[in-house]
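J.: First to last, the sequence lines map onto chains A and U.
Heads up, the first sequence is in numbering that gives the first Met the number 0, so the first residue is 0 and it goes up one at a time.
Heads up, the second sequence is in numbering that gives the first Met the number 0, so the first residue is 0 and it goes up one at a time.
Hints in this document: simulated from the structure, not taken from any laboratory.
Among the clues, some could well be false.
Said to hold, decoys possible - Straight-line alpha carbon distances no greater than 25 angstroms define the calculated DSS-like cross-link-like pairs of lysine-lysine that follow:
#, chain 1, residue 1, chain 2, residue 2
1, U, K26, A, K184
2, U, K117, A, K185
3, U, K26, U, K89
4, A, K7, A, K248
5, U, K149, U, K117
6, A, K185, A, K278
7, A, K191, A, K385
8, U, K149, U, K83
9, A, K36, A, K47
10, A, K185, U, K26
11, A, K47, A, K307
12, A, K185, A, K276
13, A, K185, U, K89
14, A, K278, A, K307
15, A, K185, U, K130
16, A, K276, A, K417
17, U, K83, A, K184
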Amino acid sequence: MANEVIFKNRDLDRLWDIEQYRSRGGYEVLTRILTEKTPPAEIIDGMKTSGLRGRGGAGFPTGLKWSFINRSAPGDKYLVCNSDEGEPGTFKDRDILRYNPHALVEGMLIASYVIDAHRAYNYIRGEFWEPYERFQNAIDQARAAGFVGNNILGSGFDCELNVHLGGGAYVCGEETALLESIEGKKGQPRYKPPFPAHVGLYGRPTVINNTETLASVPTILREGAEQFRDIGVENSGGSKLFSISGHVKNPGVFELPMGTPFSELFELAGGMRDGSKIKAVIPGGSSSPVIPGEIMMDLTMDYDAIAKAGSMLGSGAVIVMDESTCMVKVLDRMGYFYYEESCGQCTPCREGTGWLYRIVHRIENGQGRPEDIDLLMDVQNRIRGKTICALGDAAAMPVAGMLRYYQDEFQYHIDHKKCKVGAGT
Amino acid sequence: MSALETKNRNELFTPEIRAEIDHEIAKYPEAESQSAAMAALRIVQDANGGWLTQERMDEVAAYLDLPPIAIYEVATFYSMYEHKPVGRNKLCVCTNISCMINNSDQIVEHLNNRLGIKFGEVTEDGRFSLKEVECLGACGGAPMMQVGRKYYENLTPERLDSILDELE
Numbered sequence: 000m001a002n003e004v005i006f007k008n009r010d011l012d013r014l015w016d017i018e019q020y021r022s023r024g025g026y027e028v029l030t031r032i033l034t035e036k037t038p039p040a041e042i043i044d045g046m047k048t049s050g051l052r053g054r055g056g057a058g059f060p061t062g063l064k065w066s067f068i069n070r071s072a073p074g075d076k077y078l079v080c081n082s083d084e085g086e087p088g089t090f091k092d093r094d095i096l097r098y099n100p101h102a103l104v105e106g107m108l109i110a111s112y113v114i115d116a117h118r119a120y121n122y123i124r125g126e127f128w129e130p131y132e133r134f135q136n137a138i139d140q141a142r143a144a145g146f147v148g149n150n151i152l153g154s155g156f157d158c159e160l161n162v163h164l165g166g167g168a169y170v171c172g173e174e175t176a177l178l179e180s181i182e183g184k185k186g187q188p189r190y191k192p193p194f195p196a197h198v199g200l201y202g203r204p205t206v207i208n209n210t211e212t213l214a215s216v217p218t219i220l221r222e223g224a225e226q227f228r229d230i231g232v233e234n235s236g237g238s239k240l241f242s243i244s245g246h247v248k249n250p251g252v253f254e255l256p257m258g259t260p261f262s263e264l265f266e267l268a269g270g271m272r273d274g275s276k277i278k279a280v281i282p283g284g285s286s287s288p289v290i291p292g293e294i295m296m297d298l299t300m301d302y303d304a305i306a307k308a309g310s311m312l313g314s315g316a317v318i319v320m321d322e323s324t325c326m327v328k329v330l331d332r333m334g335y336f337y338y339e340e341s342c343g344q345c346t347p348c349r350e351g352t353g354w355l356y357r358i359v360h361r362i363e364n365g366q367g368r369p370e371d372i373d374l375l376m377d378v379q380n381r382i383r384g385k386t387i388c389a390l391g392d393a394a395a396m397p398v399a400g401m402l403r404y405y406q407d408e409f410q411y412h413i414d415h416k417k418c419k420v421g422a423g424t
Numbered sequence: 000m001s002a003l004e005t006k007n008r009n010e011l012f013t014p015e016i017r018a019e020i021d022h023e024i025a026k027y028p029e030a031e032s033q034s035a036a037m038a039a040l041r042i043v044q045d046a047n048g049g050w051l052t053q054e055r056m057d058e059v060a061a062y063l064d065l066p067p068i069a070i071y072e073v074a075t076f077y078s079m080y081e082h083k084p085v086g087r088n089k090l091c092v093c094t095n096i097s098c099m100i101n102n103s104d105q106i107v108e109h110l111n112n113r114l115g116i117k118f119g120e121v122t123e124d125g126r127f128s129l130k131e132v133e134c135l136g137a138c139g140g141a142p143m144m145q146v147g148r149k150y151y152e153n154l155t156p157e158r159l160d161s162i163l164d165e166l167e
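Work out the full structure, taking the sequences as your base and the hints as a guide.
T.: See below:
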């Protein structure tokens, strides 16, 4: 596919081996930067020009994030990569770790150089054993080639790179919970401010970037920031990995320019399976509000377009549902997920996710009460904006989204104690 | 705990386990060995048939020179640590959205029927246990499950049968 950045060289059969990665220019940028001692500010300017925004879901401009670190401040600084991929529907970072781990190693080393970090950690979710082994192997190969460790390529720059495996907790994808987790504690998010750029890992200045973000860095710097930016559209530079799953014929990860029409992504995924009809799409992971299929068909896949439609591009995780899907059942399952994964620290989230789940669950099971729809709206409203981290909002937003478009299904369940959709319960 | 306090670090665990934990400790700055708590629990759990007892957790605490509560907190917060015996093969089945709309219910039902156990239970011969898990980040291969360190994707009842036959 044209315009690929991370998957550009996926035609190689063993891209995860350092020889193959290097055969297409891998580690050239790192080598150039370290030999020429490129001023970090110059690299940050490049990242700003590229328009790269954080690919984990929040979309914060990467160059700006790096610029927050006071490089000359004494003491340790850290770079952390977030490979705790857990937003339901997202499975792109797993493919980066498995198929292009050296791009991530190189990106992490460049970012470490920019912020003057001598230790970098990749937090990989504990279930990702195979991706972890691929990535660890890439670190070992890079070390053997002189790219990791002390005095890298004789430049005087030292950087240790290690993996921290998670233990199964969605909330650790939140950056400050992730830092707590690396410190060997429960993954409970911290108050912000102070932001990690000032008080991060072990209380030191820290940059946390998503896997896809860091893996894009070498190509951006090698091929040019403008070129990357121009792949995408205004306010959404570059290409993006989209994980598409659900009722499509060929689910998978596709790298496409930002701003690509959803219909093209849908086409690449083979369209609907078994001649079924599209009903609804969750465009950016389960925390992003659902959008009806016919509206989705007219949207482009970039931050602004999806936001204008009332949802979020998030992690680029697209879940496509056909007409047999009961939206009450979908929200019931989502509600259970957030209830299960709430860390319990903030009352509105800890209690609210339980309320949301129990109400939707009783509607799904034919025990809904006439006041339940109002109650759901009330509860989700009382969670939003009232918690330390975004998990509360992530639990609340899909509820409002479902009721915006599919309230009739919830009402039907309550009135008739059964499902409006044939295949549901 | 008091009995452990008097124990020498070298009397805890086997030399192999100690070496593995020490390897983890070395990843972090000095004085930050608490960072190795998660890995140490994983290593000890793997060596203990896939689950943790209070004694094992206390040993991890003693080894890392941490109060036991620090270890209990971690061991009970993260879903991959087990506090009851599990089967030799822990079948972790995802039932989140992408798997659910791709019939994970049918997969769960098939496992319930074939093994005669529900989520949270172990077969009498100790060969299998069943666990419901949240999204494992393999939605393109839904429905899926994890057994040990391995992912099994695009499951069907037939495929499930051949997978189970091969698991000792």
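J.: Given the hinted pair K278/A and K307/A, is their alpha-carbon gap at most 25 angstroms?
T.: 20 angstroms, holds
J.: Does K130/U lie within 25 angstroms of K185/A when you go C-alpha to C-alpha?
T.: 22 angstroms, holds
J.: Decide if the proposed pair is consistent with the structure: K26/U and K89/U, CA atoms, cutoff 25 angstroms inclusive.
T.: 29 angstroms, violated
J.: Does the alpha-carbon distance linking K185/A and K278/A stay inside the 25 angstroms limit?
T.: Judged against 25 angstroms, a Cα distance of about 39 angstroms means the pair is violated.
J.: Please work out if K36/A and K47/A have their alpha carbons no farther apart than 25 angstroms.
T.: It holds: about 19 angstroms lies between the C-alpha atoms, which stays within 25 angstroms.
J.: Starting from K26/U, check that the Cα of K184/A is at most 25 angstroms away, please.
T.: Cα-Cα ~16 angstroms, so holds.
J.: With the threshold set at 25 angstroms, check whether the alpha-carbon distance from K149/U to K117/U stays at or below it.
T.: 21 angstroms, holds
J.: Is K185/A within 25 angstroms of K26/U, Cα to Cα?
T.: 19 angstroms, holds
J.: K117/U and K185/A were given as a pair; does the straight-line alpha-carbon distance stay at or below 25 angstroms?
T.: Distance ~29 angstroms between K117/U and K185/A Cα, so the pair is violated.
J.: Please work out if K191/A and K385/A have their alpha carbons no farther apart than 25 angstroms.
T.: 13 angstroms, holds
J.: Please verify whether K149/U and K83/U have alpha carbons no more than 25 angstroms apart.
T.: Between K149/U and K83/U the Cα gap is close to 21 angstroms, so the pair holds against 25 angstroms.
J.: Taking only the CA atoms, is the gap from K83/U to K184/A under or equal to 25 angstroms?
T.: 22 angstroms, holds
Violated hints for the displayed structure, listed by number in ascending order: 2, 3, 6 and 12.
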